[in-house]
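Novice: Use the sequences and the hints to build the structure in full.
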Amino acid sequence: MDTGVVRPKLLKSALGWLVVFVFFFPVLWMWLEALKTEPQAASSPPTIFFAPTLEEFQTVLSGDFPPYFINSAIASILSTFLVVALGLPAAYALAIRPVKRSRDVLFFFISTRFLPFAASLVPLYLLARDLHLLDNIFALALIYTTINLPLGVWLLRSFLLEIPHDLFEAARVDGAQFRHEILRIVVPLIAPGIAATSLICLIFSWNEFFYAVNFTSSEAATAPLFLVSFISGRGLFYAKLAAAATLASLPVLLAGWIAQKQLIRGLTMGAVK
Amino acid sequence: MRATAASALGREAWARRLPLLPAFVYVFLVTQIPFVLTIYYSFFSWNLLKPGSFRFAGLENYGSIFTSESIRIAVWNTVLLTISVIGISVVLGLGVAMILNSEVFGKGLMRTLMIAPFLIMPTAGALIWKDTLLNPLFGLLPYLLSPFGLGRVDWVNQYPMVTVVTVEVWRWTPFMMLIILAGLQSQNPEVLEAARVDGANAIQSFRRITLPLVRPFIELGALLGSLFVVQTFDSIFMLTFGGPGEDTTNIPFLLYLVAFQGFSIGEASAIGVVAVIITTIVATLALRTLFSIFQIEARR
Chain A
1 MDTGVVRPKL
11 LKSALGWLVV
21 FVFFFPVLWM
31 WLEALKTEPQ
41 AASSPPTIFF
51 APTLEEFQTV
61 LSGDFPPYFI
71 NSAIASILST
81 FLVVALGLPA
91 AYALAIRPVK
101 RSRDVLFFFI
111 STRFLPFAAS
121 LVPLYLLARD
131 LHLLDNIFAL
141 ALIYTTINLP
151 LGVWLLRSFL
161 LEIPHDLFEA
171 ARVDGAQFRH
181 EILRIVVPLI
191 APGIAATSLI
201 CLIFSWNEFF
211 YAVNFTSSEA
221 ATAPLFLVSF
231 ISGRGLFYAK
241 LAAAATLASL
251 PVLLAGWIAQ
261 KQLIRGLTMG
271 AVK
Chain B
274 MRATAASALG
284 REAWARRLPL
294 LPAFVYVFLV
304 TQIPFVLTIY
314 YSFFSWNLLK
324 PGSFRFAGLE
334 NYGSIFTSES
344 IRIAVWNTVL
354 LTISVIGISV
364 VLGLGVAMIL
374 NSEVFGKGLM
384 RTLMIAPFLI
394 MPTAGALIWK
404 DTLLNPLFGL
414 LPYLLSPFGL
424 GRVDWVNQYP
434 MVTVVTVEVW
444 RWTPFMMLII
454 LAGLQSQNPE
464 VLEAARVDGA
474 NAIQSFRRIT
484 LPLVRPFIEL
494 GALLGSLFVV
504 QTFDSIFMLT
514 FGGPGEDTTN
524 IPFLLYLVAF
534 QGFSIGEASA
544 IGVVAVIITT
554 IVATLALRTL
564 FSIFQIEARR
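Chain order of the listed sequences is A and B.
Here the first sequence stands for residues 1 to 273, where the numbers follow our numbering.
Here the second sequence stands for residues 274 to 573, where the numbers follow our numbering.
Treat the hints loosely; a few may be bogus.
Simulated crosslink set (DSS-like; lysine-lysine; CA at most 27 angstroms straight-line) [as the list claims (entries may be wrong)]: (1) A:K261 with B:K380; (2) A:K9 with B:K380; (3) A:K100 with A:K261.
I should point out that these hints are in silico values taken from the structure, not numbers from a laboratory.
Treat the numbers as computed from the prediction; the structure is a model and nothing was measured.
Specialist: Rendered as structure tokens:
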């Protein structure tokens, strides 16, 4: 390689890394703050060099954070499971053996995803209040199912459309029942699709805040609500705050990093492969 | 004879419909019926904190929406926030995507680190920005900016909207980058090479070849992104709580204030109805773009 090719590559790389550094820096800074002691985290000028300690992680984990984390896990996993369980048959009925006017049904589903929460917020709140379901983690999981189901149906359908139709014909000649068709053919073939759908559902429900803050208070409060307790910023708990923020963000960050390919497909509702 | 044929057809239709029903009924019950109730409540005056205050109010709630200063400010803030966040993050996302699509060192790691802001819990991200980066006393940014005389700027209070837009741009640029990068990667490098051989310069081939190719991807990103950014709530709650005054109160935050701080059910419902009408217009555009992209995919 001659220098005429290498130099632009170096320049572009340097520029690229600079931009990436700027965007990644807040995350890096969160991690650094989390590894400091409180006086180091609340020092002026900011402490750059320090001996890292896991003290604040221990404080957070041995304190009142775990119940919030567990609530987040229950709401996210349960709602994701429900989305796949309800969404897969529905996607099948829209893609493989389509019902009449399946395009209209599809449009109906996806239009509800982008209905602002303003549309149904007040009645849902009143209903939850009257049924004593406020501050109930299972009620929150049902709300998350509603939020994610339209996207789930849409995504799963886009994956089902890619299965060669002959496979289903062959199965039907063999006299396979619907349930067997789903379990034996559909599920193994669109496992990556189910993974992508689950990832998106997990991200949205794990990070969800609006319903969490309005529909829960103590018993069912999720991880983002633990962070709200730092909002006043009166006491100087920046290291603890950073440790809690790091832990709260960890599951989605890891899942998104591992499944980058599924992430983009899910985020664009299947339009970008 | 005919009756059995018809009933067989009917059975077949129901066999097709059956797998769809649970999801359909569930979504219908949880979204459509509450929306009808929202419309119903919007014609009543009802404050949860005042027992017995439930009374028919006609169009009063809508009247106060269209005359209220708070609503005008919230609509303006929503528009300002959405347009600036989407505009800036599309431009930045396009830039980063183009760098990542060219020959650079450590491409994979760059992309991995770049998507982190989108994955970080929004409440956590906002808190980190507010308390550890922008805090005028202990924050890193005022410290780094102090040689330029900007050391003691209280970003969150002095420039609240700039702060919210910055944090949201930080979050949405990776999203735009991912989508635009996918578009760039579908480009055939031989076409660019041919253009270069034919004497096209970098700007010409960007404008004539690259941009038309990634345009649908930019549109898709911008439209999907705006449907989410219109609903921005988390970062406003954490950074500014809609303030100072009403400087960063957007429609979702105003709804929160009216419904859950003021408990005015009727007024909140009327805001909901208006928000649905606005969103429907935006969403229809978004879905049309999406369908056209699907048709492109199908033709390939």
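Novice: Next step is simple, just say for each hint if it's right about the structure.
Specialist: Hints, verified against the model:
1. Among the hinted pairs, K261 (chain A) with K380 (chain B) is consistent with the structure: their alpha-carbon atoms are about 15 angstroms apart, no more than 27 angstroms.
2. Only pairs whose Cα atoms come within 27 angstroms are accepted, and K9 (chain A) paired with K380 (chain B) is accepted, the gap being roughly 12 angstroms.
3. Distance check on the hinted pair: K100 (chain A) and K261 (chain A) sit about 33 angstroms apart at the alpha-carbon level, beyond 27 angstroms; violated.
Hint check: a violation occurs at hint 3 only; the rest are consistent with the structure.
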